[in-house]
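Chemist: Chain order of the listed sequences is V and W.
Residue numbers for the first sequence follow this note's numbering, beginning at 40 and rising by one.
Residue numbers for the second sequence follow this note's numbering, beginning at 40 and rising by one.
One or more hints might be untrue.
One copy or two, either will do: identical chains are not told apart, so a pair holds if it fits within one copy or between any two.
Straight-line distance between alpha carbons at most 20 angstroms, and here's what the computed EDC-like set of lysine to aspartate or glutamate pairs gives [said to hold, decoys possible]:
1. K217 with E100
2. K213 with D113
3. K224 with E134
4. K165 with E184
5. K207 with D194
6. K66 with D138
7. K103 with D138
8. K82 with E92
9. K66 with E163
10. K217 with D97
11. K124 with D113
12. K46 with E189
13. K91 with D113
14. K165 with E176
15. K146 with E65
16. K46 with D194
17. K213 with E184
No lab work stands behind these hints: they were computed from the structure.
In case you want the letters, here they are:
2 protein chains.
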Amino acid sequence: MSKVIWKPGTFIYPLPVVMVSCGTMEKSNIITVAWTGIINSEKPMCYISVRKERYSHDIIEKSKEFVINLTNKDLVYATDWCGVKTGAKIDKFKEMKLDKEKSKFVKCPSIKQSPVSIECKVKEIKNLESHDMFIAEILSIDADEKYINEKGAFDITKCNLITYANGKYFALGKVLGKFGYSVQKKSRNSKKK
Amino acid sequence: MSKVIWKPGTFIYPLPVVMVSCGTMEKSNIITVAWTGIINSEKPMCYISVRKERYSHDIIEKSKEFVINLTNKDLVYATDWCGVKTGAKIDKFKEMKLDKEKSKFVKCPSIKQSPVSIECKVKEIKNLESHDMFIAEILSIDADEKYINEKGAFDITKCNLITYANGKYFALGKVLGKFGYSVQKKSRNSKKK
Chain V
40 MSKVIWKPGT FIYPLPVVMV SCGTMEKSNI ITVAWTGIIN SEKPMCYISV
90 RKERYSHDII EKSKEFVINL TNKDLVYATD WCGVKTGAKI DKFKEMKLDK
140 EKSKFVKCPS IKQSPVSIEC KVKEIKNLES HDMFIAEILS IDADEKYINE
190 KGAFDITKCN LITYANGKYF ALGKVLGKFG YSVQKKSRNS KKK
Chain W
40 MSKVIWKPGT FIYPLPVVMV SCGTMEKSNI ITVAWTGIIN SEKPMCYISV
90 RKERYSHDII EKSKEFVINL TNKDLVYATD WCGVKTGAKI DKFKEMKLDK
140 EKSKFVKCPS IKQSPVSIEC KVKEIKNLES HDMFIAEILS IDADEKYINE
190 KGAFDITKCN LITYANGKYF ALGKVLGKFG YSVQKKSRNS KKK
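Work out the full structure: start from the sequences and follow the hints.
Modeler: Shown next, in the form of structure tokens:
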């Protein structure tokens, strides 16, 4: 075997690293989370796992709402900072010069500077050991108009998303292929070549 | 508001795109999954969500075991192919020229070509609408020795991981920062500059 057995650990990478906003327009907080993902497609459902002692944990537990804000190159510093600081005594929106925007379906603000904000309604809280898992329904995808191209499609290559792997934030690099490319028939043009 | 309200959708990106191996050394299958992530840190727990009609779904439901194999640039084609093809009548290991390696704690093989394989034991199956969510304990992280540096640390920048966002596979790009960099004091050297 060419592989070394390590102890069990949380080694699924690369992961999204999102800024979760919670609370209300008046009293809100931001927590950065990498333990997040999609769990169901129809209807769209996701989760975030949050340590029980985090300041945002109780806010989300009570309000049963949060907004997932995707992060990009311009937001790396704020993403890191909102992950290591506690919002108990500071206003993270103010400190990081982030703007609040009203959501349509939840009371929590979204972050204006984020390219895509995902409004979520908690359906179940699953008590695990270090973390609680907030299982949620996705109510709305709020996308910054500037990334929507002339065909009405969201151009994800334009918004400079970032990803997290083993303690580091990475930019996204080259596009290596499209979903399904391995089974697509070559076009006439490429056949001629 | 600068954002446009879209209908709800599964728009958390970028995501890991992993090859999940299941079954036994003799009769195994591979399914590519992006609906995966960490849900608890201590003890380490993760999930994969799989459509109920997929061939791997029943295998994992019965055996209660699977292995998450991280993917890299060399595996993009196989990653895409294993996501669109069904293993009902084909041997995906053979077709994609992937080698099986014995796992330590589960009966499923891991994929030798993957830089990191994560052995998982299903603890709960959560029935959602389109997907079932397999909630699992991480039993072992099996890492390819060639990515472990002279200090005994896994060098994630060396293994060319890939990520998935809105229908496209991306290489990882530049490192933008380390976890906690926003609150680190500058070293004496950098202060002098």
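Chemist: Taking the hints in turn, state whether each one holds.
Modeler: The hints, checked one at a time:
When the C-alpha separation of K217 and E100 is checked against a cutoff of 20 angstroms, the pair qualifies neither within a copy, at 38 angstroms, nor between copies, at 30 angstroms. Taking CA atoms no more than 20 angstroms apart as the test, K213 paired with D113 passes in both settings, with 19 angstroms inside one copy and 14 angstroms between copies. For the identical chains of this complex, K224 and E134 are inter-copy neighbours only, at 18 angstroms across copies versus 52 angstroms inside a copy, given an alpha-carbon limit of 20 angstroms. In this assembly of identical chains, the alpha carbons of K165 and E184 never lie at most 20 angstroms apart, being 35 angstroms within a copy and 36 angstroms across copies at closest.
For a Cα distance limit of 20 angstroms, the shortest separation of K207 from D194 across copies, 11 angstroms, qualifies, whereas the shortest one inside one copy, 25 angstroms, does not. Only within a single protomer do K66 and D138 lie at most 20 angstroms apart by alpha-carbon distance; the minimum there is 13 angstroms, versus 54 angstroms between protomers. In this assembly of identical chains, K103 and D138 lie within 20 angstroms of each other by CA distance neither inside one copy nor across copies; the values are 22 angstroms within and 46 angstroms between. In the homo-oligomer, the alpha carbons of K82 and E92 lie at most 20 angstroms apart only across protomers (16 angstroms), although the nearest pairing inside one protomer, at 31 angstroms, exceeds that limit.
For a Cα distance limit of 20 angstroms, the shortest separation of K66 from E163 qualifies neither inside one copy, at 24 angstroms, nor across copies, at 37 angstroms. For the homomeric pair K217 and D97, neither the shortest alpha-carbon distance inside one copy (40 angstroms) nor that between copies (28 angstroms) is at most 20 angstroms. Proximity of K124 to D113 under the C-alpha cut-off of 20 angstroms is restricted to the intra-copy arrangement: shortest distance 19 angstroms within a copy versus 38 angstroms between copies. Proximity of K46 and E189 under a CA criterion of 20 angstroms is satisfied inter-copy only: 19 angstroms between copies versus 50 angstroms inside one chain copy.
In this assembly of identical chains, K91 and D113 lie within 20 angstroms of each other by CA distance neither inside one copy nor across copies; the values are 29 angstroms within and 39 angstroms between. For the homomeric pair K165 and E176, the shortest alpha-carbon distances inside one copy (14 angstroms) and between copies (15 angstroms) are both at most 20 angstroms. In this assembly of identical chains, K146 and E65 lie within 20 angstroms of each other by CA distance solely inside one copy; the values are 10 angstroms within and 53 angstroms between copies. For a Cα distance limit of 20 angstroms, the shortest separation of K46 from D194 across copies, 17 angstroms, qualifies, whereas the shortest one inside one copy, 40 angstroms, does not.
In the homo-oligomer, the alpha carbons of K213 and E184 never lie at most 20 angstroms apart, since the shortest distance is 23 angstroms inside one protomer and 26 angstroms across protomers.
When held up to the earlier numbered hints, the structure conflicts with 1, 4, 7, 9, 10, 13 and 17 and fits the remainder.
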